[in-house]
Amino acid sequence: MINFREDFEFNADMPILEMRSLCRNYQLGSVELRVLREITFTINKGQYVAIMGPSGSGKSTLLNLIGCLDRPTSGHYILGGQSVAALDDDDLSVIRGTRIGFVFQSFNLITQLNVVENIEVPMYYQGFTEQESIARAIELANMVGLGDRLEHRPTELSGGQQQRVAIARSLANDPLIILADEPTGNLDSQSGLDILNILDRLHDEGKTLVVVTHDEHIATRAERIIKLFDGRIAEDIYNKR
Amino acid sequence: MALFRLKRTLKLGLKSLWMHRLRSILTTLGVIFGVSSVIAMLAIGEGASRDAQEKIAQLGSRNIIIKTVSPPEDKSSLGQQQRLKEYGLTYDDAERFRGAIPGVRVLVPNRLVSEQVQYRNRRISIEVVGTVPWHPEISPTQIVYGRFLSSVDTHYKQAVCVIGDYVRKELFLFDNPLGQDIRISGDYYRVVGVVNEQTGSDNAPSLAGNSNAQSGGEGGANLGRIYLPLTTVRNRFGDLNIQISSSGPKLERVELQEIIVQVQEIDRVLPTRRSIQTLLSRFHKKNDYEIIVPLELMRQAKEVQRIFTVVLGSIAAISLLVGGIGIMNIMMATVSERTREIGIRRALGAKKRDIIIQFLSETLMLTLCGGILGIGLGMFVPLLVTHFSQMRTVITTGSLILAFGISAAVGIAFGMYPAYRAANMDPIESLRHE
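Chain order of the listed sequences is S and H. What the first sequence shows, in our numbering, is residues 1 to 241, in sequence order. What the second sequence shows, in our numbering, is residues 1001 to 1434, in sequence order.
Think of the hints as simulated: they come from the structure by calculation, not from any bench. Where hints are given, some of them may not hold.
[Stated by the list, open to error] Coverage of chain S stretches by chain H, computed from C-beta distances (three or more under 8 Å per stretch; other residues unrestricted):
no., stretch
1, 30 to 38
2, 60 to 72
3, 81 to 93
[Claimed, not checked] Take a look, some chain H residues computed to stay more than 12 Å from chain S by CB distance:
no., residue
4, GLN1118
5, ALA1159
6, SER1185
7, ASN1424
[What the hints assert, rightly or not] Listing some non-contacts, in silico: residues in chain H with all C-beta distances to chain S over 10 Å:
no., residue
8, SER1016
9, PRO1271
10, ILE1344
11, LEU1373
A quick note: this is a predicted structure, and the numbers were derived from the prediction, not measured. Backbone N, C-alpha and C define an ideal beta-carbon position, used for all residues, glycine too.
Using the sequences and the hints given, assemble the complete structure.
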């Protein structure tokens, strides 16, 4: 076991995420489908990166790899100074729990749990004490403006509120990267705007954000856009804000 | 920390079980009935066997009981029923046992007569036992008041009697019976003692069944006894029994209804039984006796009990297996219903082990709840059985532990596979699951 809880100090220039010649192939019968081919890029601490591309360009696969839900067929993936390409399932779970905060398109809250309990889920698996975990969950809920909805179930919340819970949850273990997959895809424009504002705020606070999206509006808010096409990086643009 | 996680896991489990109340209850029913039937059946079995063993033990484990039975009627005598029937054990038999069989410690010949007994205006039908002064040595009788019969009584054929506690209650209520005269078949007998018979409501072990059928007219309720000196009985009642039946009077001549032999040591019981058998077969051409060995009965009872336990065990195993399959079925459904939740948890840092623990603890909670409720029901059912059928039931702690242990084992065994399935789902797939 590696000690994941120890905190590295990252300089702004040191890459928080580094991918080198990363490939991911799927075996479909006798045909080998090469979804990602030789992906190489780095993301520095505090960057706000949008990953864009048409359907089938390999966005989701890249997202799963970054999120350590999947393992590359070949290549290197270094997250926070730790090579994760060859880790076993348990270690990947720990990496996901401690270094990555997920925000999904369809919120993915657990319906049996209320707001506080949902935010607590990642902390639960990292062995926080009850008091610590509840206190932090409440603090995070307040931060996303849900201080008055602590006991509500996801079904009693609007889409925007649910997504805010999800963002609070993604912050629970103070991850290296917040990984958002179409975070506004299921929201009306006003709620979407709220979510984007929260993401901006997180960026301003120095969080590293990776957002996968179709939406040019989101992309314009990011400081860097990586465009995928046919499993390759087609463009890597830095926005001027 | 660990405590907090355990608490959370249990709380979460309870929550999701509570969300599907009906489903949880229906699932648990299988376990409840399985566990309760195990306990109830074991309780009934245990009760029956203890009953039998106690009754057999009252007969005395070192005793051999030789009883007179009415021999099967031969064809030739069918037409002439009024003829005097002569059969059964004799005083000579008793003498022969005493003389010829080694290792006999005590020998008690008994003459049994069913008679009406009267004290003042109260009258009951009772079994009168003509016996010897050392009768208490072979059966657990306690003298409550006065004394038992003495050799003087026997020698002088005194008109004295010792009554059982039941007779005392029936005839004397609160009066002091000692020194009172009771009337049996026209003669008066003075009560010299009261004994406390520990025989239950009937003295025939039910488990021994037909092999121990009561001889002659004595069968049925044997609630109490009156003991008279054997010599007195022989003198006053004679050896003739007259039965008035629809086909006319029936005359029987029987000297002794039973001879009880007690041997020195318990391993002499079976050899002595064989000697008695050999001896009797030489002098009794008709099959007019039976030999009851409580020790053998006890062994048989234990054997029966063992078979009982095996049968019950198999029934228990089957019913719990069915319950377990039900649980597994439901947990499979639950797992596939909550695929997405599993994906979320995996993405948020849950290891496979965490998912296994989560689902396994849910299954365990179901089965343990079922186990506890089943124990409750299982302790209640024997009460009902006892109440309605007068059958004795004994709930042993062992059966409770066994049933509970089995339900826990079922929970783990049948919860393992669904939990394993849940843990091994691909997180990416499960996150996409609708």
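Right, here's what the structure says about each hint:
1. Three residues within the 8 Å Cβ limit are the bar, and the stretch 30 to 38 of chain S against chain H gives 0, so the coverage statement is violated.
2. By the rule of at least three residues with a Cβ nearer than 8 Å to a Cβ of chain H, the coverage given for the stretch 60 to 72 of chain S holds, with 4 such residues.
3. For a cut-off of 8 Å, the count of residues in the stretch 81 to 93 of chain S with a CB near a CB of chain H stands at 3, and the three-residue condition holds.
4. With 12 Å as the threshold on Cβ separation, the claim that GLN1118(H) sits away from chain S holds: the shortest Cβ distance comes to roughly 81 Å.
5. Once the 12 Å rule is applied to beta carbons, ALA1159(H) is consistent with being away from chain S; the minimum gap is 88 Å.
6. Every beta carbon of chain S lies more than 12 Å from that of SER1185(H), the smallest distance being close to 85 Å; the non-interface claim holds.
7. The Cβ of ASN1424(H) does not lie farther than 12 Å from every Cβ of chain S; its closest approach is about 9 Å, which violates its non-interface assignment.
8. At the 10 Å boundary, the C-beta of SER1016(H) falls inside the reach of chain S, the nearest C-beta of that chain being 6 Å off.
9. No beta-carbon of chain S is positioned within 10 Å of the beta-carbon of PRO1271(H); the least distance is around 72 Å.
10. For ILE1344(H), the requirement that its beta carbon stay farther than 10 Å from each beta carbon of chain S is not met, with the minimum near 5 Å.
11. The beta carbon of LEU1373(H) sits about 24 Å from the closest Cβ of chain S, which is more than 10 Å, so the claim that it is off the interface holds.
When the structure is compared with the earlier hints, violations turn up for hints 1, 7, 8, 10 and for no others.
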